[in-house]
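Listed here are the chains, written in short residue letters.
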Amino acid sequence: MHSHITNAFVVGLSLAKCRIVLTTYAALRKRKPYILLCYIGVTSTLSLSAKTELPIPDAAYEVLSNYCLDCHDEAEMKGDVNLDPISVDWGQKDNRDLWEKAHYVAKEGFMPPAKKRQPNEKERATLVRWLDGKLLENTPIGGTPPRRLSADEYRSTIRSLFDLPDYELPLGFPKDSEFHGFNNVGEGLVLSPPLMEAYTKVAELVADTVYPPARKEPRSTTRTAGPNDMVLSFSAGKIVDDSLLLVSRGHEIFRSCSWPSRMEVMSSGTYRITVRAAKHKPTWGGPMKLEIRARELSASDRSRADIFRLLKVMDVPSTEPTTITFEAELYEGQTLLFRWMNADMAHDYAKFAKHMEEWFEKDPRWLAAWQHTVFPNGDLSKIRTSVIRGRSGWEFLNKAFNDPNLDMSRATMDDELTVKFLELANSNTGMFNFADILCHYYFTNGPALEFHQVTIEGPLKTVDGPREMLAKKLQKRFTGTRIPGQSDEAFTQDILERFLPQAFRRPVDQETIETYLNIAKRRWVQGGDFDAAMHLLIRNILISPRFIYRLLSPGELDDYDLASRLSYFLTQAPPDKKLLDSAKKGKLSDPQILRREALRLLPQKPTDAMVQSFTSQWLDTNLLPEIMPDPVFKFSEAEITIAEEEVEHFFTEILTKNLPMTDFIDPDFHYTTLAFAKDNYQYPRAEKAAMKSSSMGSESELRKLPLDRGGRYGGLLSQSAVMTATANGVDTQPVLRGVWVLENILGMPPPPPPKNVPALTPDTRGANTPRELLAAHTSEDSCATCHVRIDPVGFVLENFDPVGNWREEWPKTGIPIDPTGTLPDGTSIKDVTELKSWLVDHIDFFSLCLSEKLVTYATGRVPNFAERKEIETIVHQNREKGNGFQDLILALITSETFRTK
Amino acid sequence: MRTQTNLTGVSTIGRRQFLRAAGALIALPTLESIAAPIAQAATSTAGAKNLVSIGAYLGWHQNAFFPKEVGKGYHLPTTLAPLADYQNDFTVFSGLDHRAPNGHGAWSNFLCGNTPNTYSMDQIVADQIGQKSRFPSLQLTAGTGEGSKAMSFTKQGMGLPMIQRPSVFYKQLFMSESDRARMEYMLRSGRSAIDLVLDDATRLKKSVPQSDGDKLEEYFDSMRSVEKRMERQISQINDPLPTTDYKLPDSDPITPNLLMEAEVLMYDLMALAIETESSRVLSFFIDGLGQVFSFDGQPLRSGYHGLSHHGNDPEMIRDLVSIESAHMVCLSGFLGQLKEKKRPNGKSLLDETIILVGTGMGDASRHSNANLPTLVAGGGFNHGSHIAIDQRKPDAPLLGDLYISLMQRLGVETNEFSNASHNMNQFFS
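These protein sequence lines map, in sequence, to chains C and G.
Residue 1 is where the first sequence starts when you use our numbering, and the numbers rise one by one after that.
Residue 1 is where the second sequence starts when you use our numbering, and the numbers rise one by one after that.
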C-alpha cells in the first residue's frame with residue numbers, strides 16, 4: 001500500500017523537492033495553490049515516512065490502558081483490534097484505519113461498552129484530541145483506485161460516444177456490486193472474466209450496429225393470409241362466417257388490432273400489398289376506414305398502434321368486398337397491422353363511459369342487463385369481476401337481456417348502480433373488461449368491419465431498412481468525411497486521432513494511435529476491406545483499459561480526469577465537447593471555471609440520471625421494486641412509482657432552487673400528486689386544492705403542493721418511499737429504521753452488532769409491543785451502547801406504517817404506539833415533529849452526512865479522516881452563507897477532496 | 001459458441017443419418033444401431049445427466065392438475081390426461097412451494113426459491129455440470145406475452161435472456177457454413193487484435209503508480225481468460241458439428257396465437273439438443289397473455305390471461321384447462337421422443353434427463369404463489385405416484401427440498417437450496 005507508492009515514486013525525486021514538500025505540507029490543510037498539490041498528494045507519505053513511526057504519548061496511553069486494553073491488547077484482541085503497539089507508524093494506511101475507528105467509537109461514546117468502567121470527559125478528550133491531531137496530520141487527501149465504468153456509466157458512455165440515445169445493455173449483463181452504499185465506488189468495481197466477456201460481446205454488438213454483417217440476397221415470394229391466419233387477442237377480433245370482424249378502436253394493439261401470424265418480412269424492400277375488406281351490418285352510409293400500418297412482429301403486443309408507421313387508410317364503402325392494391329416499404333421483421341379507424345366504440349376511459357351513457361339513455365333494458373351482469377345481487381359492494389371477461393361476460397349480459405324476468409326497477413340514469421357502473425367504466429378497474437364484453441355485442445349485432453384477405457408480394461426491390469439507415473448514419477459519424485484521394489491508412493489515422501481522444505476521454509499519444517492503426521493495417525494485409533477494419537477497430541477500442549477505466553493518473557486530477565469526474569458525477573456520462581474544450585485549454589483547474597461548468601452540468605430534471613441514480617442508492621429506494629407491500633396497505637405498483645418519483649422531484653426542487661438544507665427535513669412543500677397526498681399524507685389542503693385542480697392539472701400529476709412547516713408530513717423522514725424502503729412491506733422494524741436514519745440522515749452509523757447476538761426480529765403483530773421486545777436490548781449492557789441511539793429514532797417513526805401511512809396503534813393488538821424517546825444528547829422527543837425540529841436545529845449532522853454520500857458517489861471512495869475534516873469545514877461555511885443545497889454541492893466540487901484522485 | 005462436440009465416432013455411419021426428425025412426434029432412429037462409444041459424461045454417482053425446467057407463466061389450474069388420490073394408480077386429472085402413456089414416467093407433487101411472496105412480480109420464485117430473481121436452480125446445475133457441453137445452458141421461450149423477462153438467474157442474480165425464435169435456436173445447434181465462417185472470422189480477427197490492445201495496456205500500466213497497476217491486473221487476468229476461451233474455440237472450429245434433417249417451417253411462429261406450434265418446435269429442438277449432447281441444462285418458459293385460442297374451430301370464452309382469472313366459474317375453468325391440456329399434449333410429444341431415443345447402453349434419453357414442470361404461480365386467479373403445481377418426469381427416478389404434502393405439518397418439505405433431490409441426482413453435491421436444507425429422496429424410493 002503505502003510502500004507501493006513510495007517505491008514507485010522514490011526514483012527521480014530530488015532531495016531538494018522532498019524538502020520543499022516537507023515544508024509546505026503543514027500548510028497543505030489550509031488550501032495551498034493547486035499546482036503544488038500534485039506533488040504533495042503522492043509524496044507526502046514518502047516524505048514523512050521517516051518520522052511517522054511514533055510512540056503513543058503517555059497521557060493517551062494511560063487512558064487506553066485504563067479503559068481499552070483489557071479487551072483490546074495483544075493477548076485479548078477482541079474484535080481483532082489491538083490498541084497496544086509499541087509505536088504507531090502513521091504512514092501505514094492500515095494503522096490509520098484502525099485508529100480512525102478507535103477515534104470514532106471513543107468520540108461517539110460507542111466504546112467502552114456500557115457495562116465497563118467509563119472514562120471521564122477529560123480522559124475521553126485526551127484520547128480523542130491525540131488521535132484527531134495525528135490522523136489529520138498523517139492522512140493524505142485522495143486515494144481512489146482506478147475506477148472502471150459502472151454498468152450505468154458504461155451504458156451512457158456508449159450512448160454518448162456513438163450517438164445511440166436508446167442503447168440498452170443486453171439482458172444478463174453483469175451488475176455492479178454495492179460498496180458503502182453505492183455501486184460506483186472504486187474498490188467495489190471489480191473487473192472479472194465474466195464481465196470482460198460481456199464487454200467483448202457488447203463491443204461486437206456495437207461494431208455490428210455500425211457495420212452490420214452483409215445482407216443475404218432476398219428471395220421474392222407471394223404470401224396470403226385469410227381470417228384464420230390472423231392473430232385474435234382479447235376481444236379485438238372474431239371470426240364470423242369466414243371473415244374476421246373488427247369492432248373497436250383503441251391505443252393498445254392487442255385490444256383492437258389484428259395482424260397476420262406468418263407474414264413476417266425477412267428483407268427490407270418495397271412490397272405489393274393487396275387487401276380485401278367489406279362493411280358488416282353497417283348502421284350508417286359513409287365508408288368504413290381501415291388503417292394499415294407496419295408493425296415489428298417482435299414488438300410488445302401492448303404497444304400503442306400509433307407508434308407504427310401508417311402505410312395506408314383504405315376506404316371500405318360497401319357490404320360487397322372491396323379490394324385495393326398498393327406498394328409500400330416494409331422492413332425486416334415487420335408485418336402488417338389492421339385497425340378499424342372509425343369504429344363506434346373506443347377502448348378509452350372517457351370515450352367509453354360516454355358511449356355507455358348514451359346507450360343507456362336510449363335503451364334502459366341494456367342498462368338493466370349490465371346492472372345485473374356487474375352487480376348480480378344489486379349490491380354496490382359486490383362487483384362481479386373475474387368471469388365478466390370476453391365472450392364469457394357477453395353470455396351473462398345477453399342472457400340477462402333476453403330474460404323476460406329481468407329486473408328493470410333500477411334501470412334509471414340516476415340509480416346508484418348506474419352511477420357506479422359509469423364510474424367503473426371510466427376507470428382502470430372496469431373499462432377494459434366492460435369494453436371487451438361490449439365488443440361481443442358488436443360481433444353479434446354490428447356494425448363491424450369485415451376483413452377478408454391480405455396478400456404481400458415481394459420484395460419488388462430492396463431498400464435500406466432502419467438497420468441499414470442507422471448504420472450509414474453511425475458510420476458517417478464514426479469516420480467523418482474522407483478527403484478526396486486520401487488513402488485508407490491516412491484516413492484511418494485521421495479517424496483515430498479524432499475518435500480515440502473521445503473514447504478515452506483524454507488526449508492520446510502517437511504510440512497509442514499507432515497501435516490501433518496497426519490493428520487496421522493487419523486486417524487489410526489479411527484481405528479485409530476498409531469497413532472490416534473499422535468494425536475490428538470498434539471492437540477493440542471498446543475493450544481497451546483506456547476506455548473501461550477512468551482515473552489512471554495519480555495526485556491532483558489533471559484537467560481531463562477532472563472533466564471526467566465532474567461529468568460522470570453530475571450526468572453519469574462522459575464529458576461533453578464543451579467540458580473537454582475547457583480541459584484542453586487547461587482552464588478546468590481554475591475554481592471559477594470548474595464552478596461554472598459544474599453549474600452548467602447540474603441536473604435540472606427529476607429524470608436526470610444523477611438524480612435517479614444518487615437518490616435511489618442513498619435513500620435505498622432502489623429496493624422498492626422488490627418490496628411487495630401487503631394488499632391491506634392498498635399500495636400497488638402505481639403508488640410505488642409515484643413514491644419513487646416524489647423523492648426525485650423533491651431532491652431536484654431543493655437542488656435547482658438552491659433551497660436550504662433544512663428543507664430536506666422540514667420543508668414547506670410536498671412534491672407529489674394531489675391524490676397521493678390525500679391518500680398517504682392526510683393532506684389538509686386537499687379539498688381546497690381539489691377545487692382548483694382543474695386549473696392545476698389532474699389529480700394524478702406530480703406538482704408542488706404548499707405545506708405548513710412543523711407537521712408530521714413533509715421531508716425525507718415521512719416520505720412514503722423512505723418509509724416503505726425501510727420496512728419490508730408487511731411490518732415495521734424499529735431497529736432497521738433506526739439504523740437507517742443513523743446511517744443515512746445523521747451520518748452516525750453504529751458499529752455492526754456483535755456476531756454472537758441472535759437476530760431479533762420484533763413481531764409487531766404479536767402480543768408484545770416492539771418496545772417491550774426491544775427492552776432486552778437496552779437492559780443488556782453490550783447492546784445498550786448502540787441501542788440507546790438506534791431505538792429512539794426507530795420508535796419515533798413507528799407512527800408510520802410499512803408504506804408510510806400514519807397510525808396511532810400497533811396493528812392487531814391495538815396497543816397505542818409510544819413514539820417517545822431520548823436522543824443521545826439528552827433531548828426528549830415526543831414524536832416525529834420533535835425529531836424533525838431537533839434535526840433542523842442541528843442541521844450540520846444531516847448536511848455532513850449527505851455531503852459524505854455525495855463525495856463517495858462522486859469520487860468513488862469513502863472520504864477519509866482528513867477529507868471529512870475538509871467537508872466539515874465546507875458544511876459549516878455553507879451554513880453561514882444561507883445553507884443552500886446547490887451552493888453546498890458546488891463547494892464540494894471545488895474542494896481538494898473532489899479534485900484529488 | 002462451441003466448446004466441444006460429443007459425437008465421437010458418429011461420422012462412421014454419416015451424420016446425416018444420425019439425426020432425422022421429420023415431425024414433432026416421429027421418433028428418431030434409436031442410437032443403439034450406432035456403434036459409437038459415447039463418453040460416460042456424468043460422474044458415477046449421478047443418476048441423470050440433463051435437466052429441463054419448464055415453467056408456465058399463468059400457472060396450472062390446481063384442481064385439474066392435482067390428482068384426487070395419492071400414491072400410485074391415481075386417476076389422471078384433466079390437465080394431465082394427455083400424459084397417460086407416461087404415467088409411470090413421472091411423479092406429481094402437491095403441497096410444495098417456496099413460501100415466496102405472491103403476485104406476478106414474484107413469478108421467478110419458480111426456479112429461484114424463496115427470493116425471486118436470485119441464483120436459480122437450473123443455473124446452479126449449469127455452473128456445476130453444464131460447462132463441458134457446447135452450451136453450458138440454454139434458455140428458451142415460446143410465444144409472446146408480458147411474462148417475466150427471465151426465468152433463469154445467474155449467481156449474481158442477473159436474469160438470462162431467452163431465445164424466442166425456433167430458427168435462432170436451430171441456428172445455434174446446427175450452424176450453417178456461413179454462420180461457421182463468420183464465427184471463425186470473429187474469433188481469429190479478435191484474437192489477433194487483442195495482442196495489440198494488450199501491448200497498449202501494458203504501456204499504460206507502466207505509466208501509472210504501482211498500486212494502480214495492481215488494480216489493472218484484474219484487467220489483464222480477465223483478458224487472459226477471454227483469450228483462452230477464444231483459443232479453445234479456434235482450436236475446435238473445424239470439429240464436426242451435429243447436423244440434422246429436421247426442417248423448420250418458413251416463418252417463426254412467434255405470434256401469441258401460435259403458442260402451441262412454437263412449443264412443439266421448441267420441444268423438438270430441445271430433444272435434438274439433448275440427443276446431440278449440445279447442452280445439459282435447458283429451461284423453457286411458456287408465456288401467455290390475452291391471446292384467444294380456438295380448439296376444434298371454436299374460440300375460447302376469453303383470452304388466456306382472462307381465463308386464468310376464472311373466479312371459479314366452471315366454464316371459464318373448462319376453457320383454461322383446455323389450454324393447459326394443450327400444453328401437456330406438446331409435452332407428451334417431448335416425453336415420447338426422449339423415451340424412444342436410446343443411447344448405445346440401452347438407456348433412453350428420458351432416463352438420463354430430469355424434466356421439471358411447474359410454475360411460479362400457484363393460483364393465477366388470486367395471484368397466489370402458494371402450493372405450486374409440480375411434476376417431475378424422467379431422470380431414472382422411481383415414478384408413478386402422486387405425492388401430496390400436507391403444508392400444515394411443521395416439518396413439511398418445501399419445493400426447494402425437491403430441488404435438492406433433483407440436483408443431487410444430477411451429481412451436484414449440495415444439501416441446501418434457497419430456504420430449503422433437506423431433500424425428498426425418500427419419496428422417490
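If you're looking for bench data, these hints aren't it; they were derived computationally from the structure.
This one's a predicted model, so the numbers in the text were calculated from it and none came from an experiment.
Glycine is no exception: its CB is placed at the ideal position from the N, C-alpha and C atoms.
Treat the hints loosely; a few may be bogus.
[Stated by the list, open to error] Heads up, incomplete: computed chain G residues facing chain C, CB under 8 angstroms, no partners named:
no.	residue
1	103
2	159
3	216
4	298
5	302
6	333
7	336
At a threshold of 8 angstroms, is the proposed contact between residue 298 of chain G and chain C supported by beta-carbon distances? Where the cut-off is 8 angstroms and the nearest Cβ of chain C is about 10 angstroms from residue 298 of chain G, the hint is violated.
Take the shortest C-beta to C-beta distance between residue 333 of chain G and chain C; is it under 8 angstroms? Violated - the Cβ of residue 333 of chain G stays beyond 8 angstroms from chain C, reaching only about 21 angstroms at its closest.
Should the interface hint for residue 336 of chain G be scored as holding, given a Cβ-Cβ cut-off of 8 angstroms against chain C? 26 angstroms, violated
Against chain C, run the beta carbon of residue 103 of chain G and see if the smallest gap drops under 8 angstroms. 6 angstroms, holds
Any CB of chain C closer than 8 angstroms to the CB of residue 216 of chain G? 6 angstroms, holds
Take the shortest C-beta to C-beta distance between residue 159 of chain G and chain C; is it under 8 angstroms? Residue 159 of chain G check passes; min Cβ-Cβ to chain C is 6 angstroms, inside 8 angstroms.
Residue 302 of chain G was flagged as interface toward chain C. Is the shortest Cβ-Cβ separation under 8 angstroms? Hint holds; residue 302 of chain G Cβ to chain C Cβ min 3 angstroms, cut 8 angstroms.
Taken one by one, the earlier hints fail for this structure at numbers 4, 6, 7, listed in ascending order.
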